[in-house]
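Asker: Sequence:
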Amino acid sequence: KIVDIDMLKKLSIRNYALIDALDIDFYSGFSSITGETGAGKSIILGALSLILGQRADFRVIKDESRKAIIEGFFDISDYHLRSFFEEQDLEYEDGACILRREILSSGKSRAFINDTPVSLAQLKDLGERLIDIHSQYQNLLLGNDKFQLHVIDVWGHNNDLLLQYKSDFQNYKLAKKKLLKLQEERVEWKKEEDYLRFQLSQLVNAQLKEGEQEILEQEQKILSHAEEIKGELYTISQLASGDEGGILPILKTLISRAQGLLRIYPDLGELTGRLQSLYIELKDISAEISGKEDSICIDSERLVQVQDRLDMIYRLQQKHQVQTIEELLEVQSQLESRLERIDTSDEEIYALEKEIADRYILLLEISVKLTESRKLAAAEFSRLLEEKARLLGMPNLRFEVELVPRPEIDEMGAEQICFLFSANKNQSMQPVAEVASGGEISRLMLCLKALIAHVTVLPTIIFDEVDTGVSGEVADKMGDIMQEMSQYMQVISITHLPQVASKGRHHYRVYKQDTEISTQTHIEELKDRKRIEEIARMLSGAKLTDEAMNNARVLLGKNI
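Everything in the sequence shown is counted per our numbering, starting at 7 for the first residue and increasing by one.
No wet-lab data here; the hints were simulated from the structure.
These numbers were taken from a predicted model, which means no experiment stands behind them.
Some hints could be false.
Claimed, not checked - DEER-style ranges, computed between Cβ atoms:
#, residue 1, residue 2, range
1, Glu386, Leu169, 35 to 41 angstroms
2, Asp349, Arg116, 56 to 62 angstroms
3, Arg389, Leu169, 42 to 48 angstroms
Said to hold, decoys possible - Quick list of in silico lysine-lysine cross-link-like pairs, DSS-like style, CA-CA up to 27 angstroms:
#, residue 1, residue 2
4, Lys564, Lys549
5, Lys172, Lys182
6, Lys197, Lys360
7, Lys381, Lys197
All C-beta atoms in this analysis are idealised placements derived from N, C-alpha and C, irrespective of residue type, glycine included.
Take the sequences, apply the hints, and build the full model.
Answerer: Dropping the structure here:
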């Protein structure tokens with residue numbers, strides 16, 4: 007049992023609705039909150055819901071020149087939430103946790119966990135692990151089949167089995183999705199298979215080589231201008247070495263005359279050497295030019311071959327919308343891969359079909375275990391719920407959890423759950439949402455929450471006037487149930503019933519106070535005589551009588 011462990015330790019509210027500044031310290035066990043209608047209990051609950059991830063309305067800001075700030079201080083040291091903080095990349099501060107929400111008059115809001123900015127989704131995710139706010143609106147969940155199934159799985163400790171089943175079901179669905187996609191692709195592939203093979207054969211037959219296009223384009227340029235090139239090379243050769251006016255014969259004459267002067271003018275030796283070097287270099291150049299002239303062939307047949315090859319390459323590039331042979335080779339590789347996929351698709355489909363069949367058998371095996379666990383849990387849960395409900399003024403209540411097989415297994419298993427209910431002896435069992443009154447549903451939900459309290463890890467539950475419409479002995483029993491729940495978790499009840507309020511270890515009163523310029527909501531923890539007076543007012547109204555005070559003392563008993 008969780009005893010004397012504070013969960014929600016403090017709630018701080020600034021500039022929110024009718025609240026200028028308010029701080030509430032909370033404690034472990036069972037606490038009750040009372041106050042007249044309209045005093046502001048729902049305002050405090052609304053502020054609390056904001057730090058649990060609910061959407062904000064900027065109209066709740068009291069003074070638009072300042073932002074509204076709500077902070078909740080929690081002790082989470084005993085609730086194994088370190089992994090959540092690590093997954094969200096948040097600092098885990100030895101079990102201390104502060105949730106903060108800031109609402110700006112611009113309509114924007116900001117959320118923080120331990121002073122680290124977070125998204126609203128992250129805040130909501132953590133908030134759902136900390137507090138369950140149970141209002142009359144939540145009673146509608148009793149008719150929700152997913153909620154009903156969740157209750158039975160919680161009661162049956164099916165979490166590990168359900169996680170395994172959901173994981174296997176997800177893999178099963180992914181395999182089916184993959185098979186469907188492959189089958190659809192295969193149909194489309196088959197439609198275009200002949201065309202793909204034709205495209206591939208064109209590329210294969212082309213026998214393309216990397217770098218080939220550049221070489222062919224250069225050869226085409228030379229062949230196209232062979233006669234012009236050959237003529238220009240001949241002219242250059244003649245200018246260099248021709249007998250009439252060629253540079254080489256002239257240079258040779260220059261060298262001969264310079265050498266003749268050396269006998270009488272030795273200073274010309276260096277220049278003569280340079281002329282000789284120039285002659286040798288120019289002679290080599292001339293020889294190479296002559297060689298290139300000889301290598302140029304006017305070959306119209308080869309030109310046609312080159313042009314045809316390039317035309318074929320250009321057609322393929324245009325067809326496949328690419329610019330280079332390398333890209334064409336990549337297209338060829340892709341076509342080969344697609345056709346290989348088509349060729350092997352039958353084998354792949356067969357393998358997937360076998361995998362799906364194997365996964366389905368595995369799912370059925372786990373679903374059978376899940377069904378058996380749910381049957382056992384449903385029987386025990388029904389019996390215990392009937393026992394608790396009879397204590398709340400429903401002596402003829404019958405309750406049954408019906409397991410209805412699904413036409414096809416889904417992510418939750420092979421069956422859905424239906425809560426059947428009858429309040430009278432002669433009344434047939436019907437779905438609870440169809441036949442139970444509002445008061446009966448409130449009491450059933452309280453019993454339900456009480457039953458699963460000790461098998462959940464939820465630290466705090468807040469009951470928001472779920473005792474509306476009951477009184478007397480039933481109200482007293484409801485208080486007992488909440489008190490019993492507080493052995494496992496922190497329980498806070500907003501109530502109008504003195505029988506419930508008197509059960510709390512701690513008692514808070516919400517009240518409004520008028521000033522010259524505004525009305526403000528306040529809260530105070532009641533102790534000793536103040537608490538007796540509050541219970542007495544709830545019993546007798548505004549006028550405190552000795553009888554009401556004595557009755558209040560009796561109700562409070564050891565809680566004062």
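Asker: Please go over all the hints and tell whether each is borne out by the structure.
Answerer: Hint-by-hint comparison with the structure:
no.: 1; hint: Glu386 x Leu169: 35 to 41 angstroms; result: violated, 22 angstroms
no.: 2; hint: Asp349 x Arg116: 56 to 62 angstroms; result: holds, 58 angstroms
no.: 3; hint: Arg389 x Leu169: 42 to 48 angstroms; result: violated, 27 angstroms
no.: 4; hint: Lys564 x Lys549; result: holds, 25 angstroms
no.: 5; hint: Lys172 x Lys182; result: holds, 15 angstroms
no.: 6; hint: Lys197 x Lys360; result: holds, 26 angstroms
no.: 7; hint: Lys381 x Lys197; result: violated, 52 angstroms
Figure legend: structure checked against the earlier numbered hints; hints not met, in rising order: 1, 3, 7.
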